[in-house]
Structures are given as C-alpha cells and as structure tokens.
Amino acid sequence: HQFVASALAVKAGHDIIPDSKIGCMIAATTTYPMTSKPEDVFAAMENERKTLFFSDVQARGAYPGYIKRYLAENNIEIEMAEGDEELLKEHTVDYIGFSYYMSMAASTDPEEL
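Numbering-wise (my numbering), the sequence shown opens with residue 14 and increments by one.
No wet-lab data here; the hints were simulated from the structure. Keep in mind the model is a prediction, meaning the values are calculated, not measured. Where a beta carbon is used, it is the ideal one built from N, C-alpha and C, also for glycine. Keep in mind that the hints are not guaranteed to be accurate.
Said to hold, decoys possible - With a straight-line cut-off of 16 Å between C-alpha atoms, the simulated EDC-like cross-links for lysine to aspartate or glutamate are:
| no. | residue 1 | residue 2 |
| --- | --- | --- |
| 1 | Lys34 | Asp107 |
| 2 | Lys24 | Asp107 |
| 3 | Lys50 | Glu124 |
| 4 | Lys24 | Glu98 |
| 5 | Lys24 | Asp97 |
| 6 | Lys24 | Glu99 |
| 7 | Lys81 | Asp69 |
| 8 | Lys81 | Glu92 |
| 9 | Lys63 | Glu86 |
Stated by the list, open to error - Ranges of calculated distance between the beta carbons of each label pair, as one might list FRET restraints:
| no. | residue 1 | residue 2 | range |
| --- | --- | --- | --- |
| 10 | Gly26 | Glu52 | 39 to 47 Å |
| 11 | Glu99 | Ser49 | 38 to 46 Å |
| 12 | Val54 | Glu86 | 15 to 23 Å |
| 13 | Ile89 | Met58 | 14 to 22 Å |
| 14 | Asp107 | Tyr79 | 18 to 26 Å |
| 15 | Glu86 | Ser120 | 17 to 25 Å |
| 16 | Ile30 | Asp122 | 45 to 53 Å |
| 17 | Phe55 | Lys102 | 24 to 32 Å |
Given only the sequences and the hints, what does the whole structure look like? Please build it.
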C-alpha cells in the first residue's frame, strides 16, 4: 500500500544519502463552509481532513484518530502486514510540499451548492 511504499522510499533515500531531505506532496484545496450553519462548518472540516489525511500518515507515522474512527464507522479494514506500523513510524517524510489549485465550498444541503 502507498504509505508503506512511501516509508520504504524514505528509508532507501536516507540509506543512500543520509542527510537528504525527502518529502511528500499534496494537492491542497481549501474548503470553506457554504453557510455559517454548524453542519456546513463541520462538512468543510471533514473535507479538509480527507485532503490532509495522507500527509498526516506520512509525516507523523501513524493513522490519525479521526481516520481510524471513519474507517471503523464505514466498516473499512486496512490490511497491515507484520512490521508495517513500525515502518510508517520510523521512516516519516522530512517535509510536506503543497500544490494549491483551488478552493471549494461544502454544505450538507445539496441545493445550496
């Protein structure tokens, strides 16, 4: 899976060039709530989390609690081989690059979009 592959690539890069800096890049989008209703604010926050989740794992070395909860609530199980969690924890990226292309709005009411 891609997070283990990232950790292995970081490990290989640091093994080859110990003082190298290896990062990940996300295509960042900012999500604004369509209205000030708490439901829309929460929807925007949830959308932001989905964008940042990938860099959270690669930079922090573990799945964040909000994703673990999302996976459990949606009956999604991540298959982890022995040693995968240690790889993620021990070989995190040194930096996160952002490519910013656009903003979007979120609402719980599809008619408002």
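Now the hints, each set against the structure:
Between Lys34 and Asp107, the direct Cα distance comes to roughly 6 Å. Compliance with the 16 Å bound is thereby established for this hinted pair. Annotation: proposed proximity of Lys24 to Asp107 holds, straight-line Cα distance about 11 Å (limit 16 Å). Between the alpha carbons of Lys50 and Glu124 the distance comes to roughly 15 Å, so the proposed pair stays at or under 16 Å and holds. A threshold of 16 Å between alpha carbons decides the hint, and for Lys24 with Glu98 the separation of about 14 Å falls inside it, so the pair holds.
Of the pairs offered as hints, the one joining Lys24 and Asp97 holds, with about 13 Å between alpha carbons and a cut-off of 16 Å not exceeded. For the hint pairing Lys24 with Glu99, the CA-to-CA distance comes to about 12 Å; that is within 16 Å, so the pair holds. Proposed proximity of Lys81 and Asp69 is supported: the alpha carbons are some 12 Å apart, at most 16 Å. Under the criterion of a C-alpha separation no larger than 16 Å, the hint pairing Lys81 with Glu92 is consistent with the structure, at around 13 Å.
Under the criterion of a C-alpha separation no larger than 16 Å, the hint pairing Lys63 with Glu86 is consistent with the structure, at around 15 Å. Checked against the hint of 39 to 47 Å, the pair Gly26 and Glu52 passes, with Cβ atoms roughly 43 Å apart. Distance hint check: the CB atoms of Glu99 and Ser49 are about 44 Å apart, consistent with the given range 38 to 46 Å. Between Val54 and Glu86 the CB atoms are about 20 Å apart, so this pair conforms to the stated range of 15 to 23 Å.
Ile89 and Met58 have their C-beta atoms about 20 Å apart, which keeps the hinted 14 to 22 Å range intact. Distance hint check: the CB atoms of Asp107 and Tyr79 are about 24 Å apart, consistent with the given range 18 to 26 Å. Taking 17 to 25 Å as the suggested C-beta distance range, the pair Glu86 and Ser120 conforms, at roughly 21 Å. Separated by about 52 Å at the C-beta atoms, Ile30 and Asp122 satisfy the suggested range of 45 to 53 Å.
Evaluation of the 24 to 32 Å hint for Phe55 and Lys102 yields a pass: the beta carbon distance comes to about 30 Å.
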